[in-house]
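Undergrad: Model the full structure from these sequences, guided by the hints.
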Amino acid sequence: MTDTADRTDEIREVERIIIRFAGDSGDGMQLTGDRFTSASALFGNDLATLPEFPAEIRAPAGTLAGVSAFQIHISDHDITTPGDAPNVLVAMNPAALKAELDKIEPGATVIVNTDAFEERNLAKAGYADNPLEDGTLDGYTKIEAPMTSLTKEVCKDIGVKPRDAERSKNFFALGLVSWLYSRPEEPTMIWIREKFKGRDLVIAANEAAYRAGNAFGETAELSASRLAVRPAKLPAGTYTNINGNTALSWGLIAASHQVGLPLFLGSYPITPASDILHELSKHKNFGVRTFQAEDEIAAVGSALGASYGGHIGITTTSGPGIALKGETLGLAVSLELPLIVIDIQRGGPSTGLPTKTEAADLMMAMYGRHGEAPMPIVAASSPSDCFDVAIEAVRIAVQYRTPVMLLSDGYLANGTEPWKLPSVDDLPRLSVEFASETNGMDDEGREVFWPYVRNEDMARPWAIPGTDGLMHRIGGIEKQDGTGNINYAPENHDFMVRLRDERIRKIAETIPPLEVTGDVDADTLIVGWGSTWGAITSAVGRMRAAGEKVAQVHLTHLHPFAPNLGQILGQYERVIVPEMNLGQLTALLRAEFLVDARVISKVSGQPFTAGELVARIQEETR
Amino acid sequence: MTDTADRTDEIREVERIIIRFAGDSGDGMQLTGDRFTSASALFGNDLATLPEFPAEIRAPAGTLAGVSAFQIHISDHDITTPGDAPNVLVAMNPAALKAELDKIEPGATVIVNTDAFEERNLAKAGYADNPLEDGTLDGYTKIEAPMTSLTKEVCKDIGVKPRDAERSKNFFALGLVSWLYSRPEEPTMIWIREKFKGRDLVIAANEAAYRAGNAFGETAELSASRLAVRPAKLPAGTYTNINGNTALSWGLIAASHQVGLPLFLGSYPITPASDILHELSKHKNFGVRTFQAEDEIAAVGSALGASYGGHIGITTTSGPGIALKGETLGLAVSLELPLIVIDIQRGGPSTGLPTKTEAADLMMAMYGRHGEAPMPIVAASSPSDCFDVAIEAVRIAVQYRTPVMLLSDGYLANGTEPWKLPSVDDLPRLSVEFASETNGMDDEGREVFWPYVRNEDMARPWAIPGTDGLMHRIGGIEKQDGTGNINYAPENHDFMVRLRDERIRKIAETIPPLEVTGDVDADTLIVGWGSTWGAITSAVGRMRAAGEKVAQVHLTHLHPFAPNLGQILGQYERVIVPEMNLGQLTALLRAEFLVDARVISKVSGQPFTAGELVARIQEETR
Amino acid sequence: MTAVPLTTKKDWSSDQEVRWCPGCGDYSILTAMQLLMPEIDRRREDTVFISGIGCAARFPYYMNTYGMHSIHGRSPAIATGLAMARPDLDVWVVGGDGDMLSIGGNHLIHALRRNVNLTILLFNNQIYGLTKGQYSPTSEVGKVTKSTPMGSLDHPFNPISLALGAEATFVARTHDMDRGHMQEMFRRAHAHKGAALVEVYQNCNVFNDGAFGAITKKDARDAMLIDLKHGEPVRFGAENERGVMITDDGAQIVNVADVGEDKILVHDETADRGIAFALSGLAQDRESPTPIGVFRAVDRQEYGEAASAQLAAAQEANGPGDLDMLLRSLPTWDVS
Amino acid sequence: MTAVPLTTKKDWSSDQEVRWCPGCGDYSILTAMQLLMPEIDRRREDTVFISGIGCAARFPYYMNTYGMHSIHGRSPAIATGLAMARPDLDVWVVGGDGDMLSIGGNHLIHALRRNVNLTILLFNNQIYGLTKGQYSPTSEVGKVTKSTPMGSLDHPFNPISLALGAEATFVARTHDMDRGHMQEMFRRAHAHKGAALVEVYQNCNVFNDGAFGAITKKDARDAMLIDLKHGEPVRFGAENERGVMITDDGAQIVNVADVGEDKILVHDETADRGIAFALSGLAQDRESPTPIGVFRAVDRQEYGEAASAQLAAAQEANGPGDLDMLLRSLPTWDVS
Ligand SMILES: Cc1ncc(C[n+]2csc(CCOP(=O)(O)OP(=O)(O)O)c2C)c(N)n1
Ligand SMILES: Cc1ncc(C[n+]2csc(CCOP(=O)(O)OP(=O)(O)O)c2C)c(N)n1
Ligand code: SF4
Ligand code: SF4
Ligand SMILES: [Mg+2]
Ligand SMILES: [Mg+2]
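Chains A, B, C and D, in that order, are what the protein sequence lines are. Residue numbers for the first sequence follow the numbering used here, beginning at 6 and rising by one. Residue numbers for the second sequence follow the numbering used here, beginning at 6 and rising by one. Residue numbers for the third sequence follow the numbering used here, beginning at 1034 and rising by one. Residue numbers for the fourth sequence follow the numbering used here, beginning at 1034 and rising by one.
You may find that some hints are simply not true.
Said to hold, decoys possible - Restraint-style ranges between C-beta atoms, simulated for each label pair:
#1 D:Q1317 to C:T1280: 19 to 29 Å
#2 D:P1038 to A:G140: 47 to 57 Å
#3 D:T1040 to A:K202: 54 to 64 Å
#4 B:G474 to D:Q1348: 50 to 60 Å
#5 B:G164 to C:E1072: 27 to 37 Å
#6 D:R1319 to A:A241: 53 to 63 Å
#7 B:P240 to D:D1357: 13 to 23 Å
#8 C:V1299 to D:D1318: 25 to 35 Å
#9 D:E1272 to C:E1320: 45 to 55 Å
#10 D:R1319 to B:G474: 44 to 54 Å
For the record, the hints were derived by calculation from the structure and aren't laboratory data. Glycine included, C-beta positions come from ideal geometry on N, C-alpha and C.
TA: This is the structure we're talking about:
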């Protein structure tokens, strides 16, 4: 046995590694992935992650349905996706191997927990023969480790019962993988000690398992497989590894802080949006009120009630919830009150694929209300961008007194990336003033408050209950501009319908112009929105590196569009729009700008990979 | 006094008259209009009507808000609208005059009930001076009749108390107008006797009032104003005067008859859709089940449940209701069950203008569901067309096993036109077969039923509970094509999303090609959908009569479009789309066919008039 | 809180024309309210009326307070958000039997169980007024309406029973023919901390005229209205000769003379819900004696206050939110 | 109706893999049902299970019958349509406490008041299982969950009370630890004509383990479960030493010896709703004796049957629908 220091020289340096941890839901793969991510982040790699859960809470152990996976891409330079085909697969049981093998790249390293490859498990996974023996893994680098038994063994010494010891086998895997890919041990050890504080046996078991994994690498002479990825050269600053739902929650809190109004969240649990409710409910000391309503309609209703009262009313949900909120959103449009409506999109239609990602709610966001009921729409493009977009949504809502739809998706919600923390001083300065004075005169010459008088942004005054002398009534029946009185006159309705449309279009005035990246003078422009940003950016990067000319533009504002979008589109011969739907933005662009935009569509519950995008863009441009 | 026979010679013949009856909600103007309509229909005129109710049940008497109006266009030739500016206004009180005067044509005849023009009523209507005296009616032919007092007078003799007598004053108005415009008396007398059977005093009062109105014309020497409109030359057949909601209800019953399945209506009352619920609930002897649900979601849910059971499930509502049904419609899309969803559109957004018409729910019909949830859409173009479109909706639903959205609007719902009754033998023959046999094999080789196996229309089998041996489960989670088993695989989802899209597009195969009318070789094509048909047809007629070349095409199918629409659009330099919204079909056409379609938009709660359409088309084409 | 100025009915009346049908019971409820408000020690500025859609739901337009005429059935949900966000306000909810019990039934029962600080007035006319006369969830079985030409089949809700089943802390009933009683109930409901439901029997003279005539008209009241009064025996009749007794078979109407005075139930607003529920069951149709008054009034944690208390406790424990600290609350690392 | 063939549990089990967490109470409910079905005289073909969304709502997939796994909260509405359209079918509705009482609360109470012929099973685990552990409308106050880190504030519904308040004609409670009792309740509910609600206390061992342990575990049952039996005195305890008495203060738990046997309530499923309601109120927390069994079972017009009767009556009166006559039912005129 040589010592570790010695071996280090043999470690091959690579630019990037993509590892996929896969096991039974009960195997703790999400945690393992998280730990590996943390260690990599602290080490200074750029990274992106993609957790994938089964739809069942706890599907029967050992079955394909129960497989839980976590993919992480670590790199020594700026990356934007969790990677195409993984270079490494950790399979804790046969089901995991079966479910994941076709996702990884040819020649990849496959690390298996051999203990789990016994008859019952093989059968449950639907393997007639043992894939470790029948040539299934030919062409892969196979690393076989009896993780369960080795973990039990090291745990025996410290007095942990075998059944409990078994639970630590994911730390064995983590130890082994960390050794193989040169992750520092310290952060994980610290974490274990904090997390399990007071449960000394658990701490000891996990530490021992981790070290056993480490040692297994050494003893099994796996040095040939060792790789290292250097820290990335990222802009200086303090970083944290963040997922979209957390970033979104914090963005809302930040916006509330900036605008000086308390948050009120009315929500009904639904995957993958629930974590925003969970996160916000932890921050009551920020004055955040969270209300778990009886359904989605009550959720948005309560948020609207809070907005009426001068709070920033928010409602969070996923597609099915938005489908239920349509009528209330129409009311919000008519009332012209600020309201933030957050849709963490998932696979549809109907219950669809609750735990998978998709971006097919854009049209519903745009049109899912009766009558002409326009609503601004913004979309986040990466986990950390959720923070910024949340602030932008609040800005639009309070400045223009309008409900705003914010679109994110399951991929952004749970995926993570390192995020350079903004300084609080640099956050956008938002502000709003409640009305405090009368602004009209009634027939008898008395000063009164008119709720639908408009300022230069065409926004009406926000006069909250409790304000001296501004008593007024608002409602969903058509009203007269200015006075806000119920008005059924034909001309008034026509006027109001157009006014509501125009006032939303007017928001474009405060949307910064879009910037085209890549080869501005290319023939082909790739237009994206939402979470496709990472894959598109990476694909465009690869194509350009290979000498192809491509331009890219990514939209945060879906309604109204940034003011220069039409002009940009006009400059390109070919406009290609990758979307995780059947072509929703594509249709909007075609209708508005009459450009022959073409969709590259993927609706499989999975994000695009950069590789497949390159191929499909090439197909379109050939 | 000369006798009537004599005077008849003096009656001037005209092609058409447009009369608007207006009065307080309590004045019985709808009934008056109805009676005049019936008499005209029986007389053989072509006609079209437009009733307009106030939003309040009974707004305070005498106020502008309480004005109820009924417009009728009678003609000696085929007409398609209730007319532009009325030639005659009957104003039962000052509020009616004030509210309606600006709608009528210059020089029109204004018939007023002078008794109502006293101080209190003038004040309620907001008149400082009496408009009958201050020159307001200069330039109009004014006919002043003290209707209330004359009615009371003739009723005194027959023993009716003054208070009760007053209620008959609308029959006075009817008598007068019938005399002026040469309507036969008999049908009205018969109707009065039937309607009030057993209430002899009421019959006597109404008859006396009618005759008094008649006599008033004679005695007041109004012969100069007398006009007559000859019967129109309509195709031979039996006619009835029908409104859209009744036609729609009958169409559903007819479809049920043709397809041989019972109807189930789940509905929640809402203006202007409630009358379909009312109408269908009268026809239980047709095996029609109507269920007034607790809300719109339960309404569509119950209809879907009935569809699952092998009925034709129907749900009727207006915009706000559709906004609530979105989630359940997504389920229906996923379940692939027949379901008829009827939206009688009204002014929006939100509560909007409940009693006014609008056609701004097309985009919601198209996109108001989360995920990719395509649904066919059909729209009715005239009151009687509601009958045919209802049958077409049922055809599509049962043949293709899909929810279908049927769009009508407030104007069609309440407006009437003469309808040549179809022969039952000539109705479309619909048919459907329930599944009765297994169609798959399970892993163990047993014959089983697979709910998502497809026929040549890509429709899945409709196996209703109770069927021997076909037990199966369906649901809203993504399923495997064929077996219908829950399936989370990426490829399967992508496949199913595209399949659902394609199977709806495939419906185009059974949609008859569109026919262009007017000048097929014109430069300008007017594309319409829904209730604009009448106004567009009339406008195109007028333009062509004036020597301008215009082509017209009207869409019944909004999704998918008729197969030849793209080709038609491609033939014209200019595509103009009149819509009672801000340009919803326009956007769909632009996105799908990349043609520069331009909207002519009116969103005032009022239908287009032919005159204003002519002007706006000319503006666009100049 | 700002001092409450002296006001009169006129101050509480908005400038909007009242648009109910002449003779509608809603007028007398409005008048009762506008006359009552000056006596309640809240400013118009701090008062909000939230309603759904329906004739009843027009109410907020006529009150010179803050108000929202929202959408059908959702007023309890919207008001819940407002009351939670702004515990300083006085939030009233008004709606009809369709609005609150049909489409809005779920929001109502959840607001009741949560005990949100709302004063909820349910104008029960046993019909859909605004949509011109369909039966409602409180209509009697067999009702012939536009949507039920052969008579309705649905067994009605008893709003009092439903509210008690939904854990309401304050439930009362009154009727539009007795201004004093209405005002007393509104005042009590308003004073209650938490969700208070008042069912108001309201005559729709156009589509359901006289629905309550048999019990509310002056000369019927003695025999037909059981006026519940806390601490007093539950008795009624011209001579107070009838009363209510609790047995193993529930609440029974008896002749006091037959059973003896001491067997008569003494009304206790704070008693077990079962008794209030049994009392609510006495009015199963229009021809049986009907209890009015406060069925139940008990103290329980008010929702908005409890929510605010959690905010305060969180601040107490963790200090006021510090945004910078929040951003650094997950593991961080520095790149230089 | 086709003759009902002899079947076994296996015939009622679908080929789909059961996907609840190991140890979940849903398994025992499924087994109870699959074992019971062969004893109920309905064919699998005529049996339909309709559910919403949630762990409980997976139930239909596992029954070899017709079934629909619909959307969250809407199963009572969908089932209402099916039961009305097809009175020949045997329609069951299954859902969790979130599905049926939170988002679906309104549909449930309306189905109950209408008395639609549905057998409704409410799996109450006092938690949202499928969305991984938020509190539900039946969770106890103060519950710490993902969405309520400082404890929940909402007073819970008592599903039995709510159902009684909603005019239910059949209401029962059982629990997942007693197969025999479950089967008895399912059988009774199924036999009931109209809407029958059975609340099943169900353990979610992942997110709310042991919620009912204090009352349902074998050695606790004697002291903690009050087994309601029609016609029998309501007594419990190891020696049947405790019982329930009705007083002006509601239902009281007493020592039988203290009050005498004849004061003990004799359970009557058909008695006034007030008594059943008072009984339901006995179980206000997890540590108090809890009644199980049939609280109420009364006859009332079944909705679908009544609807069908109207159709028959209309045909009787007007003859079967004649389309041609219908088209000519308004005034017509001829043009030649
Ligand atoms: C979503 C929606 N559905 C239906 C309607 C139509 N609608 C308006 S009021 C009403 C019911 C009115 O009855 P109720 O609540 O009892 O009030 P009332 O008019 O009797 O005072 C209905 C069905 C609507 N406005 N919105
Ligand atoms: C419209 C909609 N909102 C929210 C959800 C998410 N959701 C699924 S199940 C569920 C609640 C589950 O709790 P319960 O009904 O008690 O069933 P359990 O899982 O506990 O058996 C929720 C909120 C959804 N699927 N659809
Ligand atoms: S319809 Fe009835 S409830 Fe509505 S305003 Fe008229 S009388 Fe009142
Ligand atoms: S989460 Fe709870 S209720 Fe759901 S399957 Fe698991 S144990 Fe059962
Ligand atoms: Mg009502
Ligand atoms: Mg639950």
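Undergrad: Broken hints, numbered, in rising order?
TA: 4, 5
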